[in-house]
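J.: Numbering (the UniProt record's numbering), first residue to last: 1 to 320.
Hints are computed from structural coordinates only; laboratory data are not their basis.
Errors might be hidden in some of the hints.
Here are the simulated EDC-like cross-link-like pairs (lysine to aspartate or glutamate), alpha carbons at most 20 Å apart as the crow flies [claimed, not checked]:
1) K172 / D182
2) K172 / D306
3) K268 / D97
4) K172 / D186
5) K45 / D302
6) K45 / E59
7) K45 / D306
8) K313 / D302
9) K172 / D188
10) K313 / E171
11) K268 / E29
12) K313 / E178
13) K313 / D296
14) K45 / E305
15) K45 / E13
16) K45 / E7
17) K45 / E17
18) K313 / D170
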Amino acid sequence: MRAMQYERFGGPEVLREADVPDPVAGAGESLVVVEAAGVNFGDIKQIAGEHTEGPYAPEGPLPRIPGMEVVGRTPDGRRALGYVAQGGYAAKTVVADRDLVALPDGVSAGEALALLVQGLTAWHLLRSVARIRPGESVVVHAAAGGTGSLAVQLAREFGAGRIIATASSDEKRAFALELGADVAIDGDPEGYRERVLDANHGHPVDIILDAIGGPVLDSALDALGYLGRLVTYGASSRQPAAPLAPGRLAVDSITVAGFWLIPLIARKGAGGPALEELLDLVARRRLRPLVGAAYDLGHARDAQEDLLARRTKGKLILLP
Numbered sequence: 001m002r003a004m005q006y007e008r009f010g011g012p013e014v015l016r017e018a019d020v021p022d023p024v025a026g027a028g029e030s031l032v033v034v035e036a037a038g039v040n041f042g043d044i045k046q047i048a049g050e051h052t053e054g055p056y057a058p059e060g061p062l063p064r065i066p067g068m069e070v071v072g073r074t075p076d077g078r079r080a081l082g083y084v085a086q087g088g089y090a091a092k093t094v095v096a097d098r099d100l101v102a103l104p105d106g107v108s109a110g111e112a113l114a115l116l117v118q119g120l121t122a123w124h125l126l127r128s129v130a131r132i133r134p135g136e137s138v139v140v141h142a143a144a145g146g147t148g149s150l151a152v153q154l155a156r157e158f159g160a161g162r163i164i165a166t167a168s169s170d171e172k173r174a175f176a177l178e179l180g181a182d183v184a185i186d187g188d189p190e191g192y193r194e195r196v197l198d199a200n201h202g203h204p205v206d207i208i209l210d211a212i213g214g215p216v217l218d219s220a221l222d223a224l225g226y227l228g229r230l231v232t233y234g235a236s237s238r239q240p241a242a243p244l245a246p247g248r249l250a251v252d253s254i255t256v257a258g259f260w261l262i263p264l265i266a267r268k269g270a271g272g273p274a275l276e277e278l279l280d281l282v283a284r285r286r287l288r289p290l291v292g293a294a295y296d297l298g299h300a301r302d303a304q305e306d307l308l309a310r311r312t313k314g315k316l317i318l319l320p
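Take the sequences, apply the hints, and build the full model.
T.: In structure tokens, the structure reads:
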């Protein structure tokens with residue numbers, strides 16, 4: 001079968017197209033004929049050799065086939081979305097049954113793939129970690145991104161009272177407003193607290209979802225109200241945050257929590273009520289995943305290079 005694989009660690013340039021044997025499903029697994037595969041930063045980290053331990057770590061010797069997300073059909077004809085630790089950049093792959101969920105009619109491959117990592121992350125940030133309650137105010141950092149754009153919409157779906165989006169440009173802020181944010185502001189750490197309080201009618205906020213880290217995270221703490229929750233799930237700024245003094249949290253009973261989806265999938269599987277709810281919302285057009293460019297499988301290197309260079313918008317997919 002057709003696949004993209006890497007024989008050594010490195011950047012996207014190490015990916016090569018190859019003809020490899022078809023995978024064989026074992027007990028509790030299903031063979032999936034791949035319609036489309038998702039492209040993630042996690043794939044790039046795998047081929048760079050950055051993950052040798054933990055849930056991202058692939059198994060077996062080189063060469064390996066990267067790719068964690070697929071949409072395709074099982075031998076019994078089901079069209080399904082599935083998570084794999086590796087092997088998605090191929091014409092066929094094997095998916096554990098607990099990591100496979102049937103797709104409703106009307107949900108495209110790109111929409112489904114946008115939900116598996118980014119959508120589930122947004123769902124768990126709000127439901128499992130921040131434990132959003134109706135009427136609460138929510139700030140979403142990087143609101144025009146894959147996870148942020150879904151978090152804005154889900155916050156509205158889950159009953160948020162006021163949604164404040166942060167983004168780095170006028171175009172991105174306008175997009176966040178289209179998605180349902182009440183107000184969109186610059187997320188720069190300088191003057192952050194004043195802009196957030198002004199956007200929330202002068203009041204501190206209940207929930208902040210942060211994928212930026214560094215000085216932004218430090219500034220965000222000052223904008224939280226009593227029993228406020230900040231959930232960190234990334235550090236795209238690549239800058240260290242200031243040391244966190246426990247007394248700073250205790251004054252207003254603030255919670256700072258972290259979240260990473262992949263260990264949760266490793267424990268409980270990708271399938272389940274959260275992913276089913278997300279797919280149902282898309283099928284009913286209450287949730288709008290941002291779908292980007294589609295590349296032929298043989299151009300996976302181009303897709304990864306475009307992602308690294310921030311030339312893309314929305315979920316990138318590969319078509320075998």
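J.: A separate judgement is required for each hint: does it hold in the structure or not?
T.: Status of the hints after comparison with the structure:
1. K172 / D182: Holds, because 14 Å separates the two Cα atoms, which is no more than 20 Å.
2. K172 / D306: holds, 19 Å
3. K268 / D97: Holds, because 12 Å separates the two Cα atoms, which is no more than 20 Å.
4. K172 / D186: Given that 20 Å is the threshold and the Cα spacing comes to 10 Å, the pair holds.
5. K45 / D302: holds, 16 Å
6. K45 / E59: holds, 15 Å
7. K45 / D306: holds, 15 Å
8. K313 / D302: Judged against 20 Å, a Cα distance of about 14 Å means the pair holds.
9. K172 / D188: Holds, because 14 Å separates the two Cα atoms, which is no more than 20 Å.
10. K313 / E171: holds, 12 Å
11. K268 / E29: holds, 15 Å
12. K313 / E178: holds, 15 Å
13. K313 / D296: Given pair K313, D296 holds - Cα atoms ~17 Å apart, limit 20 Å.
14. K45 / E305: holds, 13 Å
15. K45 / E13: With a Cα-Cα distance of about 13 Å, the restraint between K45 and E13 holds, given a limit of 20 Å.
16. K45 / E7: OK: K45 and E7 at ~15 Å, within 20 Å.
17. K45 / E17: Holds - the C-alpha atoms of E17 and K45 are around 19 Å apart, at most 20 Å.
18. K313 / D170: holds, 15 Å
Going through the hint list in order, the structure satisfies each hint without exception.
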